[in-house]
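Chains A and B are the protein sequences, given in the same order. Here our numbering is used: the first residue of the first sequence is 241, the next is one more, and so on. Here our numbering is used: the first residue of the second sequence is 241, the next is one more, and so on.
Rather than coming from a laboratory, the hints here were simulated on the basis of the structure. Among the clues, some could well be false.
Note that the list lumps identical chains together, so a pair holds whenever it fits in one copy or between two copies.
Stated by the list, open to error - Each computed DSS-like pair below joins lysine-lysine, with the alpha-carbon atoms no more than 27 Å apart: (1) K260 with K411; (2) K324 with K455; (3) K243 with K401; (4) K416 with K324; (5) K443 with K329.
Chain by chain, the residues run as shown.
There are 2 protein chains.
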Amino acid sequence: MSKPLILVTNDDGIVSPGIKALVEVMTKFGDVTVVAPDSPQSGMGHAITIHDPLRLQKVNVFGDVPSYQCSGTPVDCVKIAIDKIFHRKPDLCVSGINHGSNASINVIYSGTMSAAMEAAIDGIPAVGFSLLDFSFDADFKPAQVYIEKIIANVLKGGIPKDSLLNVNFPKLPSSKIKGMKICRQATAKWEEEFDERIDPNGKAYYWLTGNFVNKDQGEDTDIWALENGYVSIVPVQFDLTHYHAISYINQNWDIHEKMMDKKIDIKKS
Amino acid sequence: MSKPLILVTNDDGIVSPGIKALVEVMTKFGDVTVVAPDSPQSGMGHAITIHDPLRLQKVNVFGDVPSYQCSGTPVDCVKIAIDKIFHRKPDLCVSGINHGSNASINVIYSGTMSAAMEAAIDGIPAVGFSLLDFSFDADFKPAQVYIEKIIANVLKGGIPKDSLLNVNFPKLPSSKIKGMKICRQATAKWEEEFDERIDPNGKAYYWLTGNFVNKDQGEDTDIWALENGYVSIVPVQFDLTHYHAISYINQNWDIHEKMMDKKIDIKKS
Chain A
241 MSKPLILVTN DDGIVSPGIK ALVEVMTKFG DVTVVAPDSP QSGMGHAITI HDPLRLQKVN
301 VFGDVPSYQC SGTPVDCVKI AIDKIFHRKP DLCVSGINHG SNASINVIYS GTMSAAMEAA
361 IDGIPAVGFS LLDFSFDADF KPAQVYIEKI IANVLKGGIP KDSLLNVNFP KLPSSKIKGM
421 KICRQATAKW EEEFDERIDP NGKAYYWLTG NFVNKDQGED TDIWALENGY VSIVPVQFDL
481 THYHAISYIN QNWDIHEKMM DKKIDIKKS
Chain B
241 MSKPLILVTN DDGIVSPGIK ALVEVMTKFG DVTVVAPDSP QSGMGHAITI HDPLRLQKVN
301 VFGDVPSYQC SGTPVDCVKI AIDKIFHRKP DLCVSGINHG SNASINVIYS GTMSAAMEAA
361 IDGIPAVGFS LLDFSFDADF KPAQVYIEKI IANVLKGGIP KDSLLNVNFP KLPSSKIKGM
421 KICRQATAKW EEEFDERIDP NGKAYYWLTG NFVNKDQGED TDIWALENGY VSIVPVQFDL
481 THYHAISYIN QNWDIHEKMM DKKIDIKKS
């Protein structure tokens, strides 16, 4: 059986330590190609580049592993990798290891997770990995142990259709990590506070800062797992439909008859 | 009873005709303030600006309606509006009217929808509006009729907790629009094709292009509604957990016992 073709990407940029740690693990599983942003792209969410052209350049960052840097967003990297480098869908896409948490609502803002989601939308098994440590010198070794176990499971047991995985690692040594938990996304949010400053010309500018607020007390959430020494794995979907809300609106809104009236009004007028 | 405080934003930029059409309708319902990007931000998804400061400037674009342009993304606009302009949560946030569809998977890439989602995460009732017409001269009048009906329902019947609405309008005159349908997001995707060109220095660059491919035959989808002359309304959620996948992984993956072995191995080594 031929080795799986694996796309590795991230949002911190191709020279970040996190992607190096991920490439090291993934080469054990298949033929790896790296296509990652040429500069940090944290917080880019599912942004794509529409109004500017993209650049794509072969680079030598990971020795024998074919590697390309792209001027676009993490999602752009996945799109251009499939169309211009692989010329087919890879068998697996992994993104990360992100420097910092993508648990809970952070999944929404995360370039790391959006890259994985883009692959999943295209039908490619995909996993995003993040470590709760922003430090450049973060220790990725404990994460690597679990990534190996997770990828073995992905290749054997698969990921359910129309989903991808959001994996977060606590900032703990291997000996302190209790195991892995399959979780739901905690209901939490950022309360933003902009830091207002005045530039040398007397004009105001603002830095985004904020506090992460988690009021979700559930013990089945990713935040609970991470705070209690577990690796959190959240299966994520890209069908954003809130199905229960469909019936609520159909029952509680006053649209269907009124629309008929409105149509008649319009025809009359 | 005091009038509702309404935040209007978009992703096409503060001078686009779509936001003007939306402001016109919203002033019928409450006290409107506009905070929108100072330049087009289509395809920005849920991007936020982390590594650069933001600018915020009062402008006179909509007569008596207080209006601000922001140098950031649509999500930045919502965040800074709440923290620096309203100093409280507005009672309603509407985004659009976008020039072009945000139906189906487009919701993921859309700055218009991400702005509304950011408000919803903060607990603010939120609706994104889009018209299936990219033209600068698009006719927003038929959309305005329905926006008025939808907002009346939102203010009276509410939007279910932890959801927002993705509203798309077909490119049709009022007389041809059959009404509104509450829908699910169609399972469709973009198949990207990058257009490769050579710059005057002999180096390649790439423009993102693509084809929208919808293989979802359901008659309960937003795409079906739009193709059949209806306004589509999809309730959207930001809890991305794929709940069914949690039990699948717990049952089919080989993680829990192995993790115990692994922990023992690590302790031994």
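Against the structure, the hints come out as follows:
Within a single copy, K260 and K411 get their C-alpha atoms as close as 18 Å, which meets the 27 Å cut-off; across copies the closest is 48 Å, which misses it. In the homo-oligomer, the alpha carbons of K324 and K455 lie at most 27 Å apart only across protomers (24 Å), although the nearest pairing inside one protomer, at 45 Å, exceeds that limit. Taking identical chains as interchangeable, the C-alpha atoms of K243 and K401 lie at most 27 Å apart only when both belong to the same chain, with a minimum of 22 Å there against 46 Å between chains. Taking CA atoms no more than 27 Å apart as the test, K416 paired with K324 passes in neither setting, with 43 Å inside one copy and 43 Å between copies.
Taking identical chains as interchangeable, the C-alpha atoms of K443 and K329 lie at most 27 Å apart only when they sit on different chains, with a minimum of 26 Å there against 49 Å within one chain.
In the structure shown, a violation is registered for the earlier hint numbered 4 alone.
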